[in-house]
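Engineer: Listed here are the chains, written in short residue letters.
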Amino acid sequence: MNENIIEVESLTKKYGDFKAVDDISFTVKEGEIFSLLGPNGAGKSTTINVLCTILNKTSGKLIINGYDVMKQKEKVRHCIGIVFQETTLDSKLTVEENLKFHCDFYKVPRSEVSERIDSVLDLVDLKDRKKSPVGSLSGGTKRRVEIARGLVHSPKILFLDEPTAGLDPQTRTNVWDYILKLQRQSGTTIFLTTHYMDEAEISSNVSIIDHGKIVALGTPNDLKARFTKIKWKMKSSNPEGTIDYLNRNAFPFERRENEFTISVSKTDMILKAILDLKKDILDFEVTKGSLNDVFLSVTGRDIRES
Amino acid sequence: MREIWAIFYRNFLNFSRDRMRVILTFAMSLFLLFVFSFVMKSSMTEMIKSPMNYLISGIIIMTVFQTALNNSTSILEDISSGFMKEIIISPISRWRISVGQILSSSVIAIIQGILVLVMGLFFGLSVDFPTFLELIGIMAVVGATFSSMGLFLATVAKSSSTFQTMATVLVMPLTFLSGAYIPTTILPKFLMPIIYINPLTYVTSVFRYVTMKMWNVPTAQLIKEGVAFNVHGFIIMPQLGFLFIILMGFLFFGLSVRKFSKADFSTIRVLKLKH
Numbered sequence: 016m017n018e019n020i021i022e023v024e025s026l027t028k029k030y031g032d033f034k035a036v037d038d039i040s041f042t043v044k045e046g047e048i049f050s051l052l053g054p055n056g057a058g059k060s061t062t063i064n065v066l067c068t069i070l071n072k073t074s075g076k077l078i079i080n081g082y083d084v085m086k087q088k089e090k091v092r093h094c095i096g097i098v099f100q101e102t103t104l105d106s107k108l109t110v111e112e113n114l115k116f117h118c119d120f121y122k123v124p125r126s127e128v129s130e131r132i133d134s135v136l137d138l139v140d141l142k143d144r145k146k147s148p149v150g151s152l153s154g155g156t157k158r159r160v161e162i163a164r165g166l167v168h169s170p171k172i173l174f175l176d177e178p179t180a181g182l183d184p185q186t187r188t189n190v191w192d193y194i195l196k197l198q199r200q201s202g203t204t205i206f207l208t209t210h211y212m213d214e215a216e217i218s219s220n221v222s223i224i225d226h227g228k229i230v231a232l233g234t235p236n237d238l239k240a241r242f243t244k245i246k247w248k249m250k251s252s253n254p255e256g257t258i259d260y261l262n263r264n265a266f267p268f269e270r271r272e273n274e275f276t277i278s279v280s281k282t283d284m285i286l287k288a289i290l291d292l293k294k295d296i297l298d299f300e301v302t303k304g305s306l307n308d309v310f311l312s313v314t315g316r317d318i319r320e321s
Numbered sequence: 013m014r015e016i017w018a019i020f021y022r023n024f025l026n027f028s029r030d031r032m033r034v035i036l037t038f039a040m041s042l043f044l045l046f047v048f049s050f051v052m053k054s055s056m057t058e059m060i061k062s063p064m065n066y067l068i069s070g071i072i073i074m075t076v077f078q079t080a081l082n083n084s085t086s087i088l089e090d091i092s093s094g095f096m097k098e099i100i101i102s103p104i105s106r107w108r109i110s111v112g113q114i115l116s117s118s119v120i121a122i123i124q125g126i127l128v129l130v131m132g133l134f135f136g137l138s139v140d141f142p143t144f145l146e147l148i149g150i151m152a153v154v155g156a157t158f159s160s161m162g163l164f165l166a167t168v169a170k171s172s173s174t175f176q177t178m179a180t181v182l183v184m185p186l187t188f189l190s191g192a193y194i195p196t197t198i199l200p201k202f203l204m205p206i207i208y209i210n211p212l213t214y215v216t217s218v219f220r221y222v223t224m225k226m227w228n229v230p231t232a233q234l235i236k237e238g239v240a241f242n243v244h245g246f247i248i249m250p251q252l253g254f255l256f257i258i259l260m261g262f263l264f265f266g267l268s269v270r271k272f273s274k275a276d277f278s279t280i281r282v283l284k285l286k287h
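Those protein sequence lines, which keep their order, are chains A and B.
All the letters of the first sequence, read from the start, carry residue numbers 16 to 321 under this note's numbering.
All the letters of the second sequence, read from the start, carry residue numbers 13 to 287 under this note's numbering.
Don't read these hints as lab results, they were simulated from the structure.
C-beta atoms are modelled at their ideal positions from N, C-alpha and C, and glycine is treated no differently.
Be aware that a few hints might be false.
Only part of the chain B face toward chain A is listed, based on derived beta-carbon distances under 8 Å [claimed, not checked]: (1) Arg14; (2) Glu15; (3) Ala18; (4) Ser28; (5) Arg29; (6) Met32; (7) Val34; (8) Gly94; (9) Phe95; (10) Glu98; (11) Ser102; (12) Pro103; (13) Arg106; (14) Ile123; (15) Lys170.
To give an idea of the chain A side of the interface with chain B (calculated C-beta under 7 Å), a few residues [what the hints assert, rightly or not]: (16) Cys67; (17) Glu89; (18) Arg92; (19) Cys94; (20) Asp105; (21) Asp119.
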């Protein structure tokens with residue numbers, strides 16, 4: 016489980032003079048969920064396209080499952096599955112036919128084809144839609160068919176480029192449920208990109224990319240601990256006493272009438288303060304930083320405004 | 013082989029579900045037959061022995077030619093719908109993809125040709141079984157040649173509108189100058205050079221030669237009916253023309269496989285379909 020299945024070293028991809036991906040390095044371990052986070056245009060899709068052998072890199076070293084991505088393209092293609100941002104299904108064919116042709120393209124043993132199709136459709140709860148023409152399905156259902164198709168040749172790694180882009184919140188949650196279920200059941204390594212920061216929480220490792228460079232890398236908890244503060248909001252019945260206490264203990268804070276917002280780096284600091292101020296506290300709330308706050312702190316701007 | 017078969021079968025399925033296309037082919041052929049049969053009957057009777065068979069054979073082979081060329085638009089549709097991406101990222105080598113495309117396009121063209129041929133039987137065309145097999149052979153060559161040409165043009169054009177423009181600019185004049193609908197012998201002299209370099213001229217002539225069993229017809233009569241050609245004293249018999257089409261087929265097959273293998277489909281922006 017601890018082998019590196021993807022190794023990227025100093026990868027650069029240029030379009031003319033423009034560096035879409037600028038000297039990035041990371042590794043992905045077998046069986047983990049790895050997220051590449053960043054705003055639109057940060058270089059996520061370029062990175063995933065280079066890894067999937069669609070685009071050629073400008074420089075750097077790329078190893079997938081022990082194969083050199085540039086020199087052993089067909090070997091690499093055999094062991095990866097890809098779900099693109101846009102639909103790449105044949106809308107005139109049925110769900111089953113789409114999957115069958117995919118099996119032919121990837122040389123899945125003929126005796127296993129129908130069994131595998133059933134099992135991947137079961138995973139995404141689409142067994143009853145097997146005979147439906149793809150053109151008649153909704154956007155969310157199509158995405159599920161694509162996930163099933165990406166898995167039907169049992170790839171070692173599944174690449175998902177913005178798997179939830181353009182879907183409604185409920186469908187988005189469902190798609191994540193399928194991805195988690197899949198990772199638990201089959202142990203497939205999952206490499207995904209997203210610009211919804213909160214959705215990356217399920218990842219084992221997160222890498223934040225901005226302007227083609229990786230600006231932070233680590234587990235979600237690790238990143239939050241490193242780059243965000245814990246926010247403690249509190250309503251006090253005795254503002255003067257509270258100010259006095261906070262100043263004495265060197266807590267940085269903001270005040271709006273009797274409401275205080277205090278930033279701390281560890282929860283245990285709050286625990287002591289709550290006990291000390293117990294009789295003055297009317298109400299309180301403790302929020303930990305989100306991955307969005309990590310992005311804000313690392314790049315100096317909010318992901319949604321970029 | 014399995015991948016080539018898969019690409020072939022997938023394109024064939026798409027064709028078989030597109031009933032509108034088959035109906036349109038029928039309607040178009042009927043229309044051409046209707047309109048040009050008046051031209052034939054009124055002015056060609058002393059020049060051509062069986063004008064209806066003459067016209068029907070031309071319409072059949074033009075159907076094969078046009079279908080083969082237009083099938084390449086399915087590749088452009090696959091590019092814009094995104095399905096080409098699915099094929100490109102799979103571990104199939106590029107040459108197999110192009111062979112699968114040409115194969116399916118040729119077979120679809122032959123099927124369309126046979127449909128029009130069957131329709132022709134109701135308008136007085138008579139074909140025995142050996143001739144039928146020979147005609148299928150010619151359709152296969154014509155289908156493969158122009159499917160290859162279509163794939164080549166589609167790979168060069170890379171967008172549906174460019175391809176359509178190229179196809180219209182080429183197809184319409186060349187079809188009318190091939191003798192398929194109007195005998196080349198009644199066209200003005202200054203058009204002769206175009207007729208002689210037009211590959212469709214030879215496609216039409218060999219198909220007509222076999223359909224109408226003109227083995228024993230004297231060369232002078234063949235030239236008179238526009239099935240053989242006298243280019244400043246050099247006689248082009250239908251067999252020679254057919255050889256020329258076969259060679260052209262090999263050339264475009266090679267070119268299209270080469271071009272397709274090197275084409276960079278990643279730079280083509282996939283159109284996002286709005287629902």
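Engineer: It remains to establish, for every hint, whether it holds in the given structure.
Structural biologist: Verification of the supplied hints:
no. : hint   : in the structure
1   : Arg14  : holds, 6 Å
2   : Glu15  : holds, 6 Å
3   : Ala18  : holds, 3 Å
4   : Ser28  : violated, 10 Å
5   : Arg29  : holds, 6 Å
6   : Met32  : violated, 12 Å
7   : Val34  : violated, 15 Å
8   : Gly94  : holds, 4 Å
9   : Phe95  : holds, 5 Å
10  : Glu98  : holds, 4 Å
11  : Ser102 : holds, 4 Å
12  : Pro103 : holds, 4 Å
13  : Arg106 : violated, 11 Å
14  : Ile123 : violated, 18 Å
15  : Lys170 : violated, 16 Å
16  : Cys67  : holds, 6 Å
17  : Glu89  : holds, 5 Å
18  : Arg92  : holds, 4 Å
19  : Cys94  : violated, 9 Å
20  : Asp105 : holds, 5 Å
21  : Asp119 : holds, 3 Å
Violation of the numbered hints given earlier is confined to hints 4, 6, 7, 13, 14, 15 and 19; the remaining hints are satisfied by the structure.
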